[in-house]
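Based on these hints, arrange chain B on the given structure of chain A.
From first to last, the protein sequence lines stand for chains A and B. Take the first sequence: its letter number 330 is residue 330 in our numbering, and every next letter is one higher. Convert by adding 419 to the 1-based position in the second sequence; the result is the number in our numbering.
These aren't lab readings, by the way, just hints derived from the structure by calculation. Be careful, since some hints might not be right.
[Unchecked claim] Facing chain A, according to a computed beta carbon distance under 8 angstroms, are these residues of chain B, among others: (1) 524; (2) 530; (3) 620; (4) 621; (5) 779; (6) 783; (7) 784; (8) 794; (9) 811; (10) 813; (11) 825; (12) 832; (13) 833.
[What the hints assert, rightly or not] Far from chain B, some chain A residues (derived; all Cβ distances over 10 angstroms): (14) 13; (15) 67; (16) 87; (17) 187; (18) 294; (19) 309; (20) 326.
Don't be surprised by glycine CBs; every beta carbon is placed ideally from N, CA and C.
Protein chains: 2
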Amino acid sequence: MTTLADYCQSTAAAARTAATALATATTDRKNAWLRASADLLVKRAEAIFDANAKDVVAAPSFGMTAASIDRLTLTPARVAAAAEGLRQVAALPDPVGEVREGGTRPNGLQVLKVGVPLGVIFFLYESRPNVTVDAAGLCVKSGNAVILRGGKESLHSNTVLHEILTNELPNHGLPRDALQLVSTTDREAVGHFLKMNEQIDLVIPRGGESLIRRVAAEATMPVLKHYQGNCHVYVDRAADLDMAERIVINSKTHRPGVCNAAETLLIHAGLAERFAKRIADALRAKKVEIRGCDETRRFVPDAVPATEADYAAEFLDLIIAVKIVPDLSAAIAHINRYGSKHTDAIVTNDLAVSRRFVAEVDSAAVMVNASTRFNDGFELGLGAEIGISTDKFHARGPCGLRELTTYKYVVTGDGQIRG
Amino acid sequence: MTTLADYCQSTAAAARTAATALATATTDRKNAWLRASADLLVKRAEAIFDANAKDVVAAPSFGMTAASIDRLTLTPARVAAAAEGLRQVAALPDPVGEVREGGTRPNGLQVLKVGVPLGVIFFLYESRPNVTVDAAGLCVKSGNAVILRGGKESLHSNTVLHEILTNELPNHGLPRDALQLVSTTDREAVGHFLKMNEQIDLVIPRGGESLIRRVAAEATMPVLKHYQGNCHVYVDRAADLDMAERIVINSKTHRPGVCNAAETLLIHAGLAERFAKRIADALRAKKVEIRGCDETRRFVPDAVPATEADYAAEFLDLIIAVKIVPDLSAAIAHINRYGSKHTDAIVTNDLAVSRRFVAEVDSAAVMVNASTRFNDGFELGLGAEIGISTDKFHARGPCGLRELTTYKYVVTGDGQIRG
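So here's chain A without its partners, still in its complex pose (with noise of 0.2 angstroms):
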């Protein structure tokens, strides 16, 4: 009888022979797989839908929400978009024999730093199947094998879209064993996952905080942590004030449930009298609550008083905590105290205040005149994501493929020896 710790102790095995084949597949056999994966997708969504139906039937049973519900069901329009996902994938370069740098040494070496595959990547994630598709694209055309973890709401949809993909891999000259899908909903088996890390390079954990957080604690290997944001935006004295509106809006309620929303405004003293109350009126014009700051609510009596847990908050709602500040010092300190180092905004005009900004505050991504929703892979022109780093440790702000890769030296010479 195969135990538990048995059936992970295999995986993660054919994982890594897997990878090892996969390191040295070359781009055309990838890209190749991940356009015809894009066809079977949409060529066998009839299949796709009724597995689906059935993790939609079953999900209120596992005390799924409406809304939870939404994001778990496939619709013709979604699975084109994970079809369409997976082309765009093939269009991006391969980060896998990049050469990032290179030179030759005085003594005729040539040094080169070339782009290799992590190797194996555990990837652990919620309710939406569609993450199937996209982890599989990105975790193949970077050369790692894959071992997926989805949610047990979403076992028959992973489970057909998993074998889509997989039984196309050996048409294309790659290991059925690059793409593993965890068969079992035992929780236990991600215990035993995150004790191999003779076997798995990564983990990627993407999901709530909690799951977030256990994963840290309990992988022995490196996690590529996607935490939440709480980001700003700064007004400084110097901006224009259009700019700074649409900014504010922009930045706080295009999406406002995801990271790189808005969750408080700060303003400068100095501009308080003429901006406050506008942004507060545009802000209820989209719904948005207000929590403010004493000084701000002279200017917005009704606001909501804030709180010192306010401005600790990721609300990833419609409510933004406001605070007036007396220079770009304080918005600076307010910042790197209060904030999740994922991205912060200021609208100025001054170009020693941006400059200021910019270098002191320790965040991911630092916006001067733009929405903090900018804060992704695909906006800030790495292609596709797998989520955006909130440490600081190999990669920052949005990973795409090259962010799933490291690189070896490799040395060329003429037979020199060191003297």
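Leaving out everything else, chain B in the frame of chain A:
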């Protein structure tokens, strides 16, 4: 009364504050401090020797061997070399503020990826006191505050070196707490620091494998691991045998006790007859003990029979394991099985063979027709190094100034919002 936990907490908090100030210090200030410190080390050499003499006198009571006491002992040449090291770091490019990539998106947003410090580094090291100087120079130049924890054997030496370097910081507008030396030798202090992942961004343990394993197991923040190397030289059928001999001898005997020295020699069966005895004679002339496979022993009958353990060993000594392999595939398989992914070399003049070796050997540095000894920060052009990473995550191979930094995205627009 201050407890040990309080002491560690306040040390880390002071480092965090200093890191914020240091992150925006100009290159000019940092370089001025490096050059002034170099001059001061030479000027205050007598005070350094006095302190060092106390450590040397006490050394036998710590059970130190003659070789370790030699490493502990500071001489005028060693102090001069440490000072010269600081001047070399001053001459290297500053990784902070370096624009690593950049472009303009279709919507007009300028996106720059800019080097920034990691923040606070906890650096643990063993007996050589000149490491105090090296680590301080590299950390300050890369904009990181560092908490230095040397061995108890070198506490007097480290204290005076630290005092010289630290006292000079304010003269260049740099924060004193950027360099702190842990003043207690209590081992529990290490445990306290390893728990502080809010204050400390990276731990670098430099010393024996047991130190590194202890730190990796206990640390709650990333660890830059620097394990020893089990490095190989594979002499292919298409090798130039004079070159092969030169590379094998250099890789094995130039400095047998370091991580990039070769431990195993693999020989293609097709040239065993011409090469096995020849290289054995050359190695023995350098006093190297040969441990060979059965096939090797046909040509070198008095070689010690090699065991499985020999192929897995890092001898760090004048011993080499030798194996005759049927072909390139067997050589690659042997390296990927027994090696430590550190440094592996091939000697060949066959381009297709070298391409396969480079692609399939999964090591931080792959050498073609060059000694394994070149896997080193100076030799590969990084300037000084703080270690050679045996991890894949963040940095692989030699870690210089840039590997002590991360990056932020700086995005500048004219009011762009997402539609």
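Checked hints:
1. Satisfaction of the interface hint for residue 524 of chain B is found here, the shortest Cβ-Cβ separation to chain A being roughly 6 angstroms, below the 8 angstroms cut-off.
2. Because the beta carbon of residue 530 of chain B sits about 5 angstroms from the nearest beta carbon in chain A, less than 8 angstroms, this interface hint is met.
3. Hint on residue 620 of chain B holds. Least Cβ distance to chain A is approximately 6 angstroms, under the 8 angstroms limit.
4. The interface hint given for residue 621 of chain B holds, since its Cβ lies 7 angstroms from the closest Cβ of chain A, which is under the 8 angstroms cut-off.
5. Here the hint on residue 779 of chain B is kept, as its CB sits about 6 angstroms from the closest CB of chain A, short of 8 angstroms.
6. The beta carbon of residue 783 of chain B is positioned within 8 angstroms of a beta carbon in chain A (closest approach about 6 angstroms), and the interface hint is therefore held.
7. Because the smallest distance between the Cβ of residue 784 of chain B and any Cβ of chain A comes to about 4 angstroms, under 8 angstroms, the interface hint for this residue holds.
8. Taken as an interface hint, residue 794 of chain B checks out: its beta carbon lies about 7 angstroms from the nearest beta carbon of chain A, inside 8 angstroms.
9. A least Cβ separation of about 4 angstroms between residue 811 of chain B and chain A falls short of the 8 angstroms threshold, and the interface hint therefore holds.
10. At about 4 angstroms, the closest approach between the beta carbon of residue 813 of chain B and any beta carbon in chain A falls short of 8 angstroms, and the interface hint on this residue holds.
11. Because the closest C-beta pair between residue 825 of chain B and chain A is about 4 angstroms apart, less than 8 angstroms, the hint holds.
12. A least Cβ separation of about 4 angstroms between residue 832 of chain B and chain A falls short of the 8 angstroms threshold, and the interface hint therefore holds.
13. Interface restraint check for residue 833 of chain B: the shortest CB-CB distance to chain A comes to about 6 angstroms, inside 8 angstroms, so the restraint holds.
14. Every CB of chain B lies more than 10 angstroms from the CB of residue 13 of chain A, the least distance being 14 angstroms, so the non-interface label holds.
15. Even its closest Cβ contact with chain B, about 22 angstroms, leaves residue 67 of chain A beyond 10 angstroms, as expected for a residue assigned away from the interface.
16. Against the 10 angstroms criterion, residue 87 of chain A stays outside the reach of chain B, whose nearest CB is about 19 angstroms from its own CB.
17. Taking the minimum C-beta to C-beta distance to chain B, about 23 angstroms, the non-interface status of residue 187 of chain A holds against the 10 angstroms cut.
18. The claim that residue 294 of chain A is not at the interface with chain B holds, since no C-beta of that chain comes within 10 angstroms of its own (minimum 28 angstroms).
19. For residue 309 of chain A, the condition that its CB be more than 10 angstroms from all CB atoms of chain B holds, with the nearest at approximately 19 angstroms.
20. Interface exclusion of residue 326 of chain A from chain B stands, the closest Cβ pair being 20 angstroms apart, more than 10 angstroms.
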